[in-house]
Amino acid sequence: MTQKIEAAVLGSGPGGYVAAIRLGQLGKETILIEKEKLGGVCLNIGCIPSKALIRVAKLKQRVEAAKQIGVEVTGVNVDFAKVQAWKQGVVDRLVSGIDYLLKGNNVKLVKGTGKFIGAHQLEVKSTDGTEIIEAKDIIIATGSRYFDLPTFRFNGTNIISSTEALSLQQVPKKLAIIGGGVTGLEMGTMYAQLGTKVTIIEMLDQLLPGIDIDLVRIVERSLRKLGIEYHVKSKAKEYRDGKVYATLEDGKEGAFDAEKVLVTVGRRPNSDEIGLEKVGVQTDSHGFIQVNKKMQTNLPGVYAIGDVVGPPMLAHKASKEGIVAAEVIAGMNSEADFHAIAGVIFTDPEIASVGLTESQAKERGYDPIVGKFPFTALGRALLAGETEGFTKIVADKNTDLVLGVHIVGAEASDLISEASLAIEMGATLEDIGFTVHPHPTLPESVMEAAEAAKGKAIHILQK
Amino acid sequence: MVYEFRLPDIGEGIAEGEVVKWLVKEGDNIKENQPLVEIMTDKVNVEIPSPKQGIIQKLMAKEGEVVKVGQALLSIEESGGQPSVSSSERTPVATKPSPLTSAKTPTIAQETQLTAAPQVSRKPDEVLATPATRKLARDLSVDLSVVQGTGRGGRIKDEDVQRFKQLGRAAAAVAVTTSGPRGVEERVPLRGVRRKVAEHMLKSKNMAAQVTNVDEVDMTEVVHLRERANATAEKRGVKLTYLPFVIKALIPALKQYPYLNSSLDDEREEIVLKKYYNIGIATDTESGLVVPVVKDAEHKSITQLATEIATLSEKAHAGQLALNEVQGSTFTITNVGGIGGVFATPIINYPEVAILGLYKITKRPVAKDNQITIRDMTYLSLSFDHRVLDGAMASRFVNAIKQYLEDPKLLLLETD
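Note that the protein sequences, when read in sequence, are chains A and B.
Its first residue numbered 19, the first sequence is counted upward by one per residue in the numbering used here.
Its first residue numbered 183, the second sequence is counted upward by one per residue in the numbering used here.
With the rest of the complex left out, here is chain B (with noise of 0.2 Å):
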């Protein structure tokens, strides 16, 4: 019996994933909830297990390749068992949270219950394309339902066929390094978090009208508050840095000022405003940016904030975040301070409205009070979707969070 292993549903609404690396070659003989691949889905990596025993026949992805929900991965020759063929067949498969399968992929343990997608993923007479272009589509080994037609009214063309078969969503699998017009180049295949970045990013600057707006804080409150704090939160085993306190002066700001924390449908053209406060906090790793996701921060102390984000950043270096810590964000904050540079212009978290840049504080001399003094001075970037919101609020907005820096002691008049 050969079972046909198809993309399950990995729920949270993702309707695809990269074939980052395959666990299993065929020919294998594998257990049943042996992990057969690693699957990339918005920036979470899942290990898929086997719902068979048997022995792989044919691996009908390559690494690299998109796959739908639905689509072929695999097919298993089958051992022991009743006999089955997969299209009567609903297996829920659960996956168990998995270790790191290799140390350069940063691989995202996953919790969420996987369900086994129906058979039929689209309808067949759903996919326009004429007989012989079908025929061309299988000869190349090319799935029609995910292939985007440019013929009238979607009707997918040979060349449609072709382009997205040279374009390859399953290019070279590795890196190759080749001679160009003035000397040796490396190219690299666009993979993982990378891919997945770059799609994002384009995707933000192409959807949202994106304008920066800059200012610069007086930090030196805030550096003593830090200072004093940090003798009693080490007590608790927290050591603070800077971010917490930047989360505690921007989380009244926005509510201040609402469109700050919203999105826009563009479907429905209605501006989404939302009273929860989910801040992502855009984190380097080795692979990539990710941005791991502090829920409901407008209830959590500097303490609480402190530890969650020291949590969530050993996760990302690790590349164990679950896919519920990346998702949901509703307003993010990018801090380079650790790094280096003056200010920068991030692009937004789309389809967040803004994004808070962080960037280091230096003692400088300032004028105040008519004297020249040193102060611990930053820069705050703030850049905006000017679809949803102008320069004025913005303005407002970068002041309010700069109030609340410059005087923490203000931050006692709000609760939550």
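So that you can see chain A by itself, here it is in the shape it has in the complex (with noise of 0.2 Å):
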């Protein structure tokens, strides 16, 4: 069976389905289509799920910490069976109101495996059969997976993805994680301040590589308060009889106990699997296709979007980058001209971060200067019992603009807004302390950032 259409979307992760609503909304006959859930990894397997995990834990761990204020509640105790019940509940929650928009949208979802066979022809495989969907403009929006390593195979019950992690119906006693990664920090934080042991593993010099040491540290000394073993310069090797045996950053060997074996090392374009190579869609080395700034591929009428276009694989840039394709589809003049797309990392405390960092400011070219403000000066941080972390903001010494903020602290994946705002803007740092900023808040500590870097922060001493 054919199915002529105007516009096709495969993958509905929050880079498809956000874009079939454009589609929708601009009056395209859309179709999108889904192998497995709608919602993609974020939905399902991803970000929310794992948002709902570690709610849980935090949760936990403020209401054990809270006898310090003079609350106290014994026998804390989490029925992770039932946990797991209410994130299913929160993820089929969010996913029925996606269904909700696309029917009210008019796009219509198609459930199977899709292929291209021609420039504008998928072919759709499911369970009840074949079908054609030819369209004249298609959106790749199929995302990336995980993988693992050669010595660490998963194999769905010990040596396990972050999939498996997050449905699990037993807490772990000892968990090991190699790759010292997002994914591996945040599942690690989780599960330590559920009361497993958690030793992390990796490989490169700094965990989180990438992020400013800065911040790294402040969420390292949290690991450890929480009892996370970690190792950085180190290879996991292989496990058996219960261990996982690595070489550390020592040189010496060793071995740590391990229930269960989360690998978190990296993620890959699905660009291998969908009939690219057929039709000429022109990918790179790594496999992410390449796109132009209006997010068109090589093939006139096809478009990609999101992690398969590559990184910063982020469901945010997924999303606005499937409003951009939609757009320029629906003939309309967009561009993924984005100036900042914020990280957040949700450790405890968080990191966030947008736009250039001291050293990338020095590389491009400015002459940077920086204002930091801790979060012990902030009053509501000192309420929450949650003082450690700071935010940091990068200016242009010449003219003031704002370059970069980042932050780690209570809630910082809440606090970054304003920065991306600001540099969206074209904001200076005047512009940011000027600002009126309610008091108590912990947005202040963006304000006083923006004054420490001119010197004038009130709430700390600056000589």
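I should point out that these hints are in silico values taken from the structure, not numbers from a laboratory.
Here are some of the chain B residues that sit facing chain A, going by a computed Cβ distance under 7 Å:
#: 1; residue: Met183
#: 2; residue: Leu310
#: 3; residue: Thr312
#: 4; residue: Pro313
#: 5; residue: Arg316
#: 6; residue: Arg320
#: 7; residue: Asp321
#: 8; residue: Gly335
#: 9; residue: Arg337
Bear in mind that the values here come from a model prediction, so they are computed numbers and not experimental data.
Even for Gly, the Cβ is constructed at its ideal location relative to N, Cα and C.
Using the supplied hints, reconstruct the complex from the two chains, each of which is provided in its own coordinate frame.
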């Protein structure tokens, strides 16, 4: 059976479903193709479920810590099976919300595995059979998948990916995590707070490679407090008899008890099984699809968005790119010309970062100045008992143009959007510093950091 | 595969060019190396050939629009060959000298090697504009990297984008006749050489403090010398005008007064005294003023100068000057003697600091040795930049030229 349609979107993650909704809003007849679950990795096995479990773990930790401020709770018990059920409820609710929005925008959802068989033709296979979808415009939004290591192949039972790690019915007693990146640290922190003995093994010379080391130091301290053992410059070699064997930073051999081994060493684009070579859509050596600012591939009428076009692999980047692609298809003059995309890490405390770091600013030829404001000087952080961390702002010395904001601390993920707006608007230190921020709140740290860059923060001594 | 072709770096420090004429249209099937577009850079027209074969998908600049090096010109739907994306490409493009394509537009063959510019001409975050302004610019097809922002710290505001659009680097492409308040008016777009002259003259007037000094010169000796020399020169196939004689008189004067052969480096606040003598010859052509350059004039004989000036002038009229033939002058001469007028106050060919004006030679009665005699007289004007030199030096410099012209035998005393 062949269906002819104006636009088709391959993949229903935060890039694909958003693109489909915008196409619908713009009056395009659209089909959205999904081989697994609506909402993709982000909703079903990524951002949302992980944040659900992280919230539970943090809550438990905060309840236990509450006795310091006079709230004594005894016998805190986490019913993990119930937690999982609640998490699934949140996911289901969000998925049905998307389903409702798709219907309301006349987007037709087709379940099955899609593949290019022609420049404007997708073959979609499902248990119900095979159909051909012919579309004038096609958006590839197939995302990415994690990969394992030759010595640590996923087996679904004790060598697991983040998917399984988010669906365990019991909190493991001992967990080894290979890969100290974002997912590894988020999962490690979460399970440690739930009582697991966690070991993290990272091959590179710092945890969270690529993140400003100043911020990472704060998170490392909290990992140690949680009893997490971590090793950088270390190489995990094998998992045998319930132990992970590794060569450590000092050259010595280590062995770590682990009921489960979580492998979080990175993600690769899902560009290899969708027939791109057949139609000649160009990818780079890593398999990322090459696109321009309008999200167009080299093939007219074929667009690509999200993880499959390259890093940063972030849901919010995918969504914005999806909107751009949909608008371009509808004949609008849109471009993905963002100046800044924030990255957020849900460790405890959180990290959020947007724009250039000090060293990146130097590389780009700026003469950067830096303002830093610690959470210890912030009333609201003290009230929350979360004084770990700081806000750091990087600006150009000559023009005071805000180039980057980097936060490690409580609710950093919620604080960063002010900074993103500032960068998109071309704000200066004075713009942020002068803006009245309500007291007592955490965003005061952004205002104070802007003032600190000019040596005039009120609540710290700068001499 | 859609290939986006961007204005390549034409070399010689040129950052932008005007689209004079498209030689292809959307939908055209083109071959590799087929000329795509005529681009005018600093007084020179260049035909840019296609690096690819395929079908022209979209022309992204209008005739008359000024495009920056690295800015998208057109997209080509490639046919044949390996698919590729322009972002990863740096294809060297070579142009061949190409003949005139249209009799009306002076096209100048380009001999320089062209190199395709990298995809990004300016880092996106160096364009200071809010997301809403960026969208407005896209909607109005305005490239923000060429818009001058009037906001704080060069921020580009909505008004800047709108003004840019209206003043239209891309104004209407044809002359239109309209009814003005007092009758019929014709509106001719300011294009090509005319626009370059307009920009250049205004810049000169704005940048330099210009003063003009006028003197009269007795050319009788030069007139006789030229008559005698012409007999010999014609045997060599050269026809002598007065210009080579003036250049001969000019060079030793420039050497005596080096400040006349200089330019002012405003940024570093330094006067650059040039120890080479490249003489620009202001030349009137159908499309406007161009200034070909006689390089290293101090090493050339009268006949060599005459031959070279004749060649350059022919090329200028045919619109075939190469870029290096209009660049690098250190001092300019303008000669309107063949046309008329007593004298004028020419504008300096900025960043030079002086321009010498030559006028008609006429027989006039003059008092000489207490006698009224008929002599071949002319006027010389020297417009100079008062920032760099003063009136006294200018007068002395003109006196020096005058001395050699009135007694050309003195030139025998000078060596190059």
